Amino acid sequence: MHELSMADAIVKTVIEAAEKNDAIEILEVTIEIGQMTMLNPEQLKFMLEVLSEDTILNGAEFNMELIPIEIECLSCGFKGEADSEELDHYIPVINCPNCEEKNMNITAGRECNVKNIKIEKSDEDA
Amino acid sequence: MHKIADIEIQHDILIANRKLAKRNQKILDKANVFAVDVLGAIGSGKTSLIEKLIQEMNHPVAVIAGDVISKFDAGRFEKYDVPVIGLNTGKECHLDSHLVEHALQDLPLDEIEVLFIENVGNLICPVDFDLGSHLRMVVISVSEGDDTVEKHPLIFKDADLVIINKVDIAQAVGADENKMVQDVKKLNPDVNVIKTSLKENKGVSEIIKSLEEFMRQ
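So the sequences go chain by chain: E and B.
Residue 19 in our numbering is what sits at position 19 of the first sequence, and the numbering runs on without skipping anything.
Start counting at 1 in the second sequence, then tack on 1000, and there's your number in our numbering.
Restricting the straight-line Cα-Cα distance to at most 30 Å, the calculated cross-link-like pairs of lysine-lysine (BS3-like) are:
1) 45/E with 1003/B
2) 1199/B with 1151/B
3) 1019/B with 79/E
4) 79/E with 1186/B
5) 12/E with 1019/B
6) 45/E with 1157/B
7) 115/E with 1003/B
8) 1185/B with 1022/B
9) 1022/B with 12/E
10) 1022/B with 79/E
11) 12/E with 1003/B
12) 1091/B with 12/E
13) 20/E with 1019/B
14) 1195/B with 1079/B
15) 1179/B with 1052/B
16) 115/E with 1026/B
17) 1026/B with 12/E
18) 1052/B with 1185/B
19) 1019/B with 115/E
20) 115/E with 1091/B
21) 1091/B with 45/E
22) 1151/B with 1209/B
23) 1022/B with 20/E
24) 1199/B with 1185/B
25) 1022/B with 115/E
26) 1157/B with 79/E
27) 79/E with 1151/B
28) 45/E with 1019/B
29) 121/E with 1003/B
30) 1026/B with 1052/B
31) 1151/B with 45/E
32) 1195/B with 1185/B
33) 1151/B with 1195/B
34) 1003/B with 20/E
35) 45/E with 115/E
36) 118/E with 1003/B
37) 79/E with 1185/B
38) 1157/B with 115/E
39) 1026/B with 1157/B
40) 1019/B with 118/E
Simulated from the structure, these hints should not be mistaken for laboratory data.
It should be emphasised that the depicted structure is a prediction, and the values quoted were computed from it without experimental measurement.
Put together the whole structure using the sequences plus the hints.
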């Protein structure tokens, strides 16, 4: 259940940024989730909504953007998006799309990035 | 009048943990301490293996015992008169770099050479959280079933050393330990996979040899 601790860290980051920018309301939050992380976007969204209650985040829309897995194959040198056979518990088993080997470095897909927020602020603050 | 504004944040929560992990590793390197993150399934023998290694390694050892409630494992290590820090994760399913950073502050790093960090028994969540260790050792046992590796590929993909424990009872639980070794090799061709039976003291010297090789690198 590390969705809860991640959601907690995301909420803190977002509220801090919103307060710094004199937000009176947070309308949208966009979060990038790497497909190689052990995070389930649906569970994470649920936790975010629960933790948002009674904060400035209450009612905000959470957009989850999935970041595909990119690899550098150590067998054939291929660089780019990997083939992933998504399992029902979000653990992708990845192969090099070129040579189908599994010996590789992962160059993208391990993110949990708070990308941006859309806020409402009063004109006088601008 | 109100206006709408888009604010760029670009703050990666997992990268924040990885940065802290790097800081932990610097602290360990400065003190010449080799740290091993011991990961694995519940009941696979992580604590028993660390107990054996404390007794048989010719290096001064300390242990960080991480668990939902850590006092049980910490109590087992304290019997060997080595520095032990228990880390309670409470509701959390993994250790993170921040918790480990605090434990490092409380350890006599100048007096030790090897630090075992026993993670929470879990083959899923700890994968996302580097701790700053020099080596990730994953411990599983035949009793979890010989499809364990196939079902949790990522932790084996990232492992530096893999232990298949309790091979003495493989037949009794209907598990093929050699299939488990092959499954690991498919995901991580160069990793050293060691079959052990802690009960029969098999494979422990091989683990120590492997750890010492890593320490020399």
